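Chains as they are written, first to last, in the numbering used here: chain E, 62 to 340; chain B, 57 to 431.
None of these hints come from the bench; they were simulated from the model.
Being a predicted model, the structure only gives us computed values, none of them experimental.
One or more of the hints may lead you astray.
For lysine-lysine, the following BS3-like pairs were computed, each having C-alpha atoms within a straight-line distance of at most 27 Å [claimed, not checked]:
hint	chain 1	residue 1	chain 2	residue 2
1	B	Lys167	E	Lys253
2	E	Lys214	B	Lys330
3	B	Lys327	E	Lys214
4	B	Lys397	B	Lys122
5	E	Lys336	B	Lys167
6	E	Lys253	E	Lys336
Which residues of chain B face chain E? A partial, calculated answer using Cβ under 8 Å [claimed, not checked]:
hint	residue
7	Asp168
8	Leu169
9	Tyr181
10	His183
11	Leu185
12	Ala224
13	Ile225
14	His228
15	Arg280
16	Trp282
17	Gly284
Far from chain E by the CB rule (all over 12 Å, computed), these chain B residues [stated by the list, open to error]:
hint	residue
18	Arg80
19	Ala101
20	Arg139
21	Ala254
Built from N, CA and C at the ideal position, the CB exists for glycine as well.
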Amino acid sequence: MNFYNFAYLDEQTKRMVRRALLKAVAVPGHQVPFGSREMPLPYGWGTGGIQVTASILGRGDVLKVIDQGADDTTNAVSIRRFFARTAGVATTTRTAEASVIQTRHRIPETALREGQIIVYQVPLPEPLSRLEPSRAAAREMHALGDYGLMHVKLYEDIARLGQVSISYDYPVMVNRRHLMAPSPIPAFDNPKLDQSPALHLFGAGREKRIYAVPPYTEVRSLDFEDHPFRLTRAPQACALCGARSSYLDEIVTDDMGGRMFICSDTDYCQEQRGKAAAA
Amino acid sequence: MAYVAVKGGERAIDAAHAWLAEERRGDPDVPEIAIAQIGEQLGRAVDRVMAEASCYDPELAALAIKQAQGDLIEAAFLLRAYRTTLPRFAAARPIDTDAMRIRRRISAIYKDLPGGQVLGPTYDYTHRLLDFRLAEGAPAANDPPVASAPQNLVEEDAAAGRMKRVSAILAHEGLIEEDGASDIPSGDLTREPLAFPAGRDLRLQALARGDEGFLLALGYSTQRGWGGTHPFVGEIRVGEVAIEIEPPELGFPIEIGDVTVTECQMVNQFKGSKAVPPQFTRGYGLCFGHGERKAMAMALVDRAMRAEELGEEVTAPAQTIEFVLSHCDNIEATGFVEHLKLPHYVDFQSELETIRRLRREAEAFAAQDQRKAAE
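Chain E on its own, in the form it takes in the complex (with noise of 0.2 Å):
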């Protein structure tokens, strides 16, 4: 692969990602736009999280990919090949032994620790866009800090169905100031952004925004006092490791009804299940 530059895009790309990002760092939860570049890869597979992936990826980083929490998915396994094509660098599936993961709708269950990156792929950066499809008039909203349209369809769900009816993707108030879209992650996995210890990098491709989660940054999921947000997962047990507490995927086993449930992130899984056998 000598006709492309460590990892695909050109130095001066990095720089113009790096920039990007060390903005949103400054700003936690602002979507900063950045030049985008076509990838070869289709937009809506990760454009923009394979964009900051590829420019803070170094030599000696190890890299870990998943998409829906495993790392065996399709794109996941495209995604790791195209790094481990383009840039050379170590690939792994484990969470704790990764120095940039690179993430489609999970948050791994094993909690990151302070020098890990976990970069997301994300379709829809902006929080209030089923609220307001204009984003010049939603951008305004986020200067003036000016939430209310959120509040209201946060009511509007309770007044109507009880409780709030988004259950991924779910809006966070990043260090009290900006309403950020989590990426379409389960609101499961909403807590572990809070005071985490790892920087959380979003990129965007297709909107070409980029924002950002520092390390110990404040991160709360919009509810009401009276209406706290609460997590959603199925109530099983895994079936192969048997944690109750990680988040599951459903299998269909059969056209009758028949259901399995396991683990969604296959290191946390595999881990459970050798603890178990060596015990």
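Knowing the structure of chain E, use the given hints to seat chain B on it.
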């Protein structure tokens, strides 16, 4: 030289057509492309032309593509103009996609499910790096060795039985709305003019032959907040299904052939209304050939157009049935846009006269005002 000389338009047209034929053939030193090559090697183009022409005939679609120099809307137009001359001798029974001979079947909502995930031939996980080996006629980087095509694997599965659609799995728990009844005769907008409000049968027909690019943009707009539908890809399947007709004199159905289709079932969040409990709703996409982008966009727009039926607020273009159906047909659209090239001398002449008169009057008023101001 003028495109309509006062006389001699006929000669100009003949000369233009001769030039076009020459341009179509290109450099005669380069071998001429054969219909079979188009059919075999430009299959996605053939599929798109068949879908937008609503005429399933890969050979004729390939011919149309050759004749249109690869202009796919022009090719769909050629094929539609042929389709319209065909006699109708029967209406097929509804196709049974449960019984599809599956080439590709994926669900984005379950990691695993009965029948499994069948990746099939897809560009989804290719890296978009130009493969210069193809330019030299060498096998592409990802070409499998000839013997390892996993054909039999899929066919064994399919032979083992029908592959239930994901919607049936969700229906088992009552979490998704029921499918519409299939025994109601559907309308045909190629025989009866479209009137509004249009039923879902006609809407789906219009979308199935609608322009892929237009539907793609509309579907995309719903994802960005202009009429959001909270979609999940319940399932996409691609493969061959049998076409059956039931001649009245026989009294039982007979198979008359196979067609390749792509089916997409979107599963959409729905919070319920006064009359309907919270449940998943459906958006449906189906098109001839292998056309996942088309089927998915169709399913998004189908669901968006059901806003009014489901008691949702209609605010965006994709939710406005009349807007979508009136503009999704690319043969109609290209005709009306491109007709602006035709002579409009007469109309323009009357416009010229009108604008001159208006200017004269405006000047007269201005002069009058000036006089008044001076007095």
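Going down the list of hints, with the structure as the test:
Between Lys167(B) and Lys253(E) the CA atoms are separated by roughly 24 Å; this keeps the pair inside 27 Å, and the hint holds. Pair hint Lys214(E) plus Lys330(B) holds up; C-alpha atoms about 19 Å apart against a cutoff of 27 Å. With a C-alpha separation of about 13 Å, the suggested pairing of Lys327(B) with Lys214(E) holds against the 27 Å cut-off. For the proposed pair Lys397(B) and Lys122(B), the alpha carbon gap of about 24 Å is at most 27 Å, so the pair holds.
For a cut-off of 27 Å, the pair hint linking Lys336(E) to Lys167(B) stands: about 25 Å separates their Cα positions. About 23 Å separates the Cα atoms of Lys253(E) and Lys336(E), which keeps this hinted pair within 27 Å; it holds. At about 5 Å, the closest approach between the beta carbon of Asp168(B) and any beta carbon in chain E falls short of 8 Å, and the interface hint on this residue holds. For Leu169(B), the shortest C-beta to C-beta distance to chain E is roughly 4 Å, which falls under 8 Å, so the interface hint holds.
The interface hint given for Tyr181(B) holds, since its Cβ lies 4 Å from the closest Cβ of chain E, which is under the 8 Å cut-off. Proximity of His183(B) to chain E holds as hinted, the smallest CB-CB distance being about 5 Å (cut-off 8 Å). A hinted interface residue such as Leu185(B) counts as satisfied when its beta carbon comes closer than 8 Å to some beta carbon of chain E; here the least separation is about 5 Å, so the hint holds. The interface hint given for Ala224(B) is met, as the beta carbon of that residue sits about 7 Å from the closest beta carbon of chain E, less than 8 Å.
A cut of 8 Å between beta carbons decides the hint on Ile225(B): the least distance to chain E is about 5 Å, and the hint holds. At a threshold of 8 Å, the smallest CB-CB gap from His228(B) to chain E is about 5 Å, leaving the interface hint in force. At a threshold of 8 Å, the smallest CB-CB gap from Arg280(B) to chain E is about 6 Å, leaving the interface hint in force. Against a cut-off of 8 Å between C-beta atoms, the interface hint on Trp282(B) holds, since the closest Cβ of chain E lies about 5 Å away.
The beta carbon of Gly284(B) comes within 5 Å of a beta carbon in chain E, closer than 8 Å, and the hint placing it at the interface holds. With a minimum CB-CB distance of about 32 Å to chain E, Arg80(B) clears the 12 Å threshold, and the non-interface call stands. Distance check on Ala101(B): its Cβ is at least 19 Å (rounded) from any Cβ of chain E, clearing the 12 Å threshold; non-interface status holds. Here Arg139(B) stays apart from chain E, with its beta-carbon at least about 33 Å from theirs, past the 12 Å limit.
Every Cβ of chain E is farther than 12 Å from the Cβ of Ala254(B); the closest lies at roughly 26 Å, confirming the non-interface assignment.
When held up to the earlier numbered hints, the structure conflicts with none and fits them all.
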